[in-house]
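Whenever a hint applies, use it, and build me the whole structure from the sequences.
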Amino acid sequence: MEKPKNSKKSNRPIKKWRSSNFELALWSNEREINGNLVEFKTMSLGRSFKKKDEEVWRNEVINLRRMDIPRVLTLLNEAAKELYLEKTEEH
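If you number the sequence shown the way my numbering does, the last residue is 91 and the count never jumps.
If you're looking for bench data, these hints aren't it; they were derived computationally from the structure.
Nothing here was measured: the structure is a model prediction, and the numbers come from that model.
Don't take each hint at face value.
Stated by the list, open to error - Restraint-style ranges between C-beta atoms, simulated for each label pair:
id: 1; residue 1: E86; residue 2: W57; range: 27 to 37 Å
id: 2; residue 1: V38; residue 2: L83; range: 36 to 46 Å
id: 3; residue 1: W57; residue 2: R31; range: 25 to 35 Å
id: 4; residue 1: G35; residue 2: L85; range: 46 to 56 Å
id: 5; residue 1: R58; residue 2: N36; range: 39 to 49 Å
id: 6; residue 1: L83; residue 2: I62; range: 14 to 24 Å
id: 7; residue 1: L75; residue 2: E55; range: 32 to 42 Å
Heads up, the beta-carbon is just placed ideally off N, CA and C, and yes, glycines get one too.
Following this line, the structure appears as structure tokens:
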């Protein structure tokens, strides 16, 4: 299935959020399934950083799908509980 020439999509996120050196971008994607063009959304989570002895900024990016959100939130919540809520021998 060909796209009409005037419906060229930009390669930009449809929305972005930023907190400190983290950025989350929401992307709109299309895929042809059984002859129909189907839209789906993905996310890219990025972190920018400089190594201690370097002046070059570096970026790490992980790409996620909608079904990944609850999984990642569960893992982050468990880590937060361990780090902030539970008393450890270190403190």
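Evaluation of the provided hints:
no.	hint	verdict
1	E86 to W57: 27 to 37 Å	holds, 35 Å
2	V38 to L83: 36 to 46 Å	holds, 40 Å
3	W57 to R31: 25 to 35 Å	holds, 33 Å
4	G35 to L85: 46 to 56 Å	holds, 51 Å
5	R58 to N36: 39 to 49 Å	holds, 40 Å
6	L83 to I62: 14 to 24 Å	holds, 20 Å
7	L75 to E55: 32 to 42 Å	holds, 33 Å
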